[in-house]
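Protein chains in written order, with this note's numbering: chain Z, -6 to 292; chain W, -6 to 292; chain E, -6 to 292; chain F, -6 to 292.
Simulated from the structure, these hints should not be mistaken for laboratory data.
Any given hint could be a false lead.
Since the list gives no way to pick out one identical chain from another, each pair is judged satisfied if it fits inside one copy or across any two copies.
Unchecked claim - The calculated lysine-lysine pairs, modelled on DSS-like cross-linking and capped at a C-alpha distance of 27 Å, are:
{"hint": "1", "residue 1": "240", "residue 2": "46"}
{"hint": "2", "residue 1": "255", "residue 2": "80"}
{"hint": "3", "residue 1": "240", "residue 2": "62"}
{"hint": "4", "residue 1": "80", "residue 2": "46"}
{"hint": "5", "residue 1": "255", "residue 2": "46"}
{"hint": "6", "residue 1": "255", "residue 2": "62"}
Number of protein chains: 4
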Amino acid sequence: MAITLGHNQYGKAETRVVRIFRDTEPHEIADYNVSVALVGDFDDVHYNGDNTKCLTTDATKNTVNAYAKEAGDAVREPESFGIALAKHFVDDVPQVSRVRVQIEAYPWDRLSHNGTPHPHAFARRGAYVRTVTVTYDGSQLWVVSGVRDLIVLKTTDSEFHTFYQERYTTLRPTDDRIMASSVTAQWLHTETDTDWGASYGRVLATLGSTFAGHHSLALQQTMYAIGQDIITEQPEIAEIRFSMPNKHHFLVDLSPFDVENKNEVFHADDRPYGYIEGTVRRDDAPNPGSAAFDPGQGW
Amino acid sequence: MAITLGHNQYGKAETRVVRIFRDTEPHEIADYNVSVALVGDFDDVHYNGDNTKCLTTDATKNTVNAYAKEAGDAVREPESFGIALAKHFVDDVPQVSRVRVQIEAYPWDRLSHNGTPHPHAFARRGAYVRTVTVTYDGSQLWVVSGVRDLIVLKTTDSEFHTFYQERYTTLRPTDDRIMASSVTAQWLHTETDTDWGASYGRVLATLGSTFAGHHSLALQQTMYAIGQDIITEQPEIAEIRFSMPNKHHFLVDLSPFDVENKNEVFHADDRPYGYIEGTVRRDDAPNPGSAAFDPGQGW
Amino acid sequence: MAITLGHNQYGKAETRVVRIFRDTEPHEIADYNVSVALVGDFDDVHYNGDNTKCLTTDATKNTVNAYAKEAGDAVREPESFGIALAKHFVDDVPQVSRVRVQIEAYPWDRLSHNGTPHPHAFARRGAYVRTVTVTYDGSQLWVVSGVRDLIVLKTTDSEFHTFYQERYTTLRPTDDRIMASSVTAQWLHTETDTDWGASYGRVLATLGSTFAGHHSLALQQTMYAIGQDIITEQPEIAEIRFSMPNKHHFLVDLSPFDVENKNEVFHADDRPYGYIEGTVRRDDAPNPGSAAFDPGQGW
Amino acid sequence: MAITLGHNQYGKAETRVVRIFRDTEPHEIADYNVSVALVGDFDDVHYNGDNTKCLTTDATKNTVNAYAKEAGDAVREPESFGIALAKHFVDDVPQVSRVRVQIEAYPWDRLSHNGTPHPHAFARRGAYVRTVTVTYDGSQLWVVSGVRDLIVLKTTDSEFHTFYQERYTTLRPTDDRIMASSVTAQWLHTETDTDWGASYGRVLATLGSTFAGHHSLALQQTMYAIGQDIITEQPEIAEIRFSMPNKHHFLVDLSPFDVENKNEVFHADDRPYGYIEGTVRRDDAPNPGSAAFDPGQGW
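Construct the complete structure from the given sequences, taking the supplied hints into account.
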C-alpha cells in the first residue's frame, strides 16, 4: 500500500478589488470579489515543501489587482475580466496547466441628486449577486455566468397536489399557495466572446418574466420552464443549472382566535426548506462534464 | 447586602409574518419580522417562578399573527402595525406597563412579465431593510422609523486632511478618496399619525441626494448634512440618529509592476473600519432620553 | 427652530490584533477584536468639516496595535488591555473627554501532540466569545466583563405552566421540556484591579453549575438564580445583565406514523424565539446609569 | 435543436432534529441538521408538473423525524443514522434510484455542577461541526465523514520561502510565521460498518497532533502530512480531502512608533486568503469519482 496525492488546487480567494472608470463622465464602477484556483505541477510542494514552482497566492492577488488596470476595457464585465486573468495564469506561468477564476460582481445603481442621476454617487443594488466562473486549460475555455440570492415570490398561480402517497406523507394538497425561492443559477456559454452585459440582462429578464407568468404545479416545473425559455431565446447558452430552495410560507391557523385566514397571513419559515436542483440543456451542446462547473472538492 | 432584580423585559422575538392583500388587483405584500418586549409586573416570575401574570411569549407570537389580519389597513405600513400591537399589549394586558415593538420590513418590487408589471409576482429589493421601533407606556407613544444596511459610495468629492497629529498618526492626507458607508439610521417622529410610506420615501430620497451632492471634508460632516437636510425638509421628524461605518477603500500600490494607479484600483477592506455615530436634532424637540430608542441591556 | 448636533462618538471598530507571548515556553496567545469610540470636542468636524481636533480612526487603530506591545503584561487579559487603552485616549489626547473600549477575546486551547499539550499549537475553543467594555471619562472607570454565544441546554428539570390566560393564549402547559439558550451576559465590576482571568473563570463555572442544577419553572427564574449565585459568590461584581433567548425545542408529533414520542425527538426551531432580558444587582451598589453598559445609539 | 432535462435532485434540506436518549442516566443528546437529496424517475414533475411519483419534501422531513426514533441505536452516530435513512429512501420508495444524505452534527459537552459532570445539562462545544455524507444507489454505499470550521494556529515552526519568482511576486520570504487555518476535511471509508465515534475521534486527534508537530515549509506540505498520517494509522479510510484556507496573520509594522515587533503583534486579516485544496489517497483504493463526495450542481 502506498499513499499518494490526488486532486489538488490552490490560489488566493476573495480578492476584493474595486475599479473606478473615472476618465469619462459619468463615472463607472466594477466591484468584484475574485477567487483564483491553480492546477499544475505542484506535487513537490505537497511532498517535500519544495516551493520552487509555487506561485505565491500573494502574487495571485497582485495579479488580480494589476489586471484591474492592465486589462483595460475587459475589466468592465466580470466574464471578460475572468477570461483575461485565466489566460494569463495558464499562458504565462509554465507550471500552471489549468485555472478556475471565480468572480462575484456586486451591482450598483446610480443615486439621484435633486431628481437626476448623479455621475459619481451610487447605492448597492443588493437584490442579487452576479457570478462568473471561467475555466481554462490552455486550449479550451469555459465561461459560466450566474446569479445568486435572487429572491422571488408569487402570491398565487401555484398549486401542489396529486403527489405520491406513502407512510410518511401527511402534507395536504393545495391549489393556491405562496411560492418563493432564492434562486442560484449558473449557465454555460457556447461562445467565449459576446456582449456579456446584454446577455446577462436578458437571462434575468426571462427568469423574472417566466417565474411571474408560469402557472405552477410544482417548483420543479417552474424551474424547468424558466430554463427552457432562457435557452430558447438565447442561442449563446448551452446549459443552465439551478438550485432553488422552496422557501416555505405556511398559512397560520388563526381559528383559535375566531379570525378567518383566507390565504392572507403566512409564517415565513427558515428551516427546513425544500431544495430543488435541476439542469436544462440543449441536446446538441457538448456535455461539459465537471470541467465548466468546477465542483472543487465536492463542496 | 441584598440582591434584587433590576431592569427586565421579555417577549417573542423575530416572528416572521407575511401578509398578502389579495382582495384587490394587483396583490400587495407586507413582509415583517416582529419583535415584542414587555415591561411590567413580572418580579414574581423571576423570584419564584410564579407565572400567574406571565403572558406567554407564544401568546405574543399569536397576537402578532392574528393582528396581521385583525389590524386591517394598519398592517400596510410597519409604523401603524407597530402602534396597533403596542396599544394592545399595554391597554389589554393589565400587568404590562410598557412595550417596545420592533419591526423589520423587507421591501419587494413587482416583477415584469413580458414588459409590464405583474400583479402577483415579486422580487425582494435587497438594497436595505426598513425598520420601526414603537414604544408605548400607556400614555405616551414614541414612533421611530429607520433604515439598515443601505450601502452608498461616491467615487470623488471626498477629501480628508488637516487632521490632528500625535505620536500614532501616520495617515497621509488626501484630497480625493472613495467614501463609502453602510447606513443605519433611525429617526423619531413628532407625531403618531402620518403618511408613513410617504415620509419614509422622502427620508431615503434626501439621504441619497445629500450624500451624492455633498462635497465632503469628513464623513461626520456628510452625516450631519444629511441629518440637517432631512429635518429641515420634514417637520414631522424631531431627531435622527446615525451609525455610519466608514467602509475603507484603499488605493492599491501598483508601482512594483510599473502600473500607474490614478485613483482607479482599490482594495475594499473588511475590518477594521471607522465607526461614526451621530445625532441631529431640532432644538425645540423634547429629548426622548432612552424612551424612544430602546437600548435594551446596552447591546 | 434650529438644528443641532446631539450625542456623537466615533473611532475605529474591529481592529483584529493578535499578540503572541513567545519569550517563554509554552507560547501564549491573546486574540482580540478591539473597537474604540471617542467622545469629546468634535463639533467642528460635524458642522464645518474642520478636522483640526480629529484624531484619525487610523491613529486609533495604530494605537491599539502599538499598545499590544507597549502595554506589556496588561495585554494578557482583555480587561487590563482595555483599561490601558482607555486611559491613554482620555489622558493623552486633550480633546477626548470620554472613551469606550470594547474587546472581543477569542479563547484558544492548546493542541495535543502525541498525547501531551504542545507549546506552540492551538485550536480555537469556539464555545463562546469573552467580551469586555471599559468606559473612562477622566475620573471614573467602569469595567464590564461578559460572555456571548454560550449555548446551554438541559434535557429535563424544566417546567412551564400555570401561566396567564387570555384570548391569544393557546400554549399547553408542560412539566418536562427541553430548556436551551444562547447566553449573552455582561457584569459590572466594583473594582478596577483584580485577577480578571480568575474572576471570569468563576463566573462561567457558576453560570454552568447553576443552570445545570436549577429546577426551572421559567427561564426568567433560572436566569435570576444564575445572577444571584454569581453575585453572592463574587463580591467584586456589582451587577449582571442577561439576554437569554429561549431556543425552542418543539416535540415532534410522530403519532401519524404510529411512533410514540416520549420526549425524545424534537425540532430545534430558529425563529421566532422567546427573548428574556434581565438584570440582577447588589442593592448597595451604585446604579451605573447608561455609563458602564454603553448603549451607543440605542442599537 | 431540442431542450432536455439534465442532472437533477431534490429533497428537504436542513431538518433540525434533536434526539434525547433519556432512558438511561446520564442522558445523551444527538443534535443533527439533516439534508436529503433524491435522484430518480422525476422527469414528469419537471416536464408536466405531474407529481404522481413525487415524494413530497415534507414526507422526507417526516421520515427524518420518525427515524430519529425508529432507527434506534443507529441514531447515536451520524454515519449510522445517515445509512439508515439512505437505505430507506432507495429501498422503500420505488422511483428513487439514488440518494445523498448529508448530516451536520453539533457536539455538546456535559456541564459541571458543583464540580462533577451533570447528567442532564450540556454546553455546545462550538469548536467544529462534524459532518457526514452518505450516498446510496441501491447496491453501493459510500460513507464520508468530515469536520468543518476547525480553527487551528501555530505560533512558530512554519517557514515559507524559496518560491517561484515572476513579475507579480513581491512577497518577502520568511523563516518564522504564524500559520493558521480553518480546516474543512472529508474522508471516505472503505467499510460501511465500524465504530464511527472512535474512528472520528482518532482522525481529529491525528489532525491536531500532526498539525502541532509538523515543521512546515508550506501549508500544502502540512496538509499532506496530516492526510498521510491519518490514512497510515486508520486502514478504514480510503481517501481524505481538505480545504484549508490560509488565514493570514500579518506582522504589524510598529517602527513608526519606535516599537520593536519581534514576531509578537499581528493583524488577523479576513480577506483575501490563500485557499489550499488537496486530496490524499491510498493508491489501492478505488477512485470514487463523483459518487461519494457529491458535488451537487458544482456548488
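(message) Output the indices of the hints that this structure fails to meet, ascending.
(response) 5
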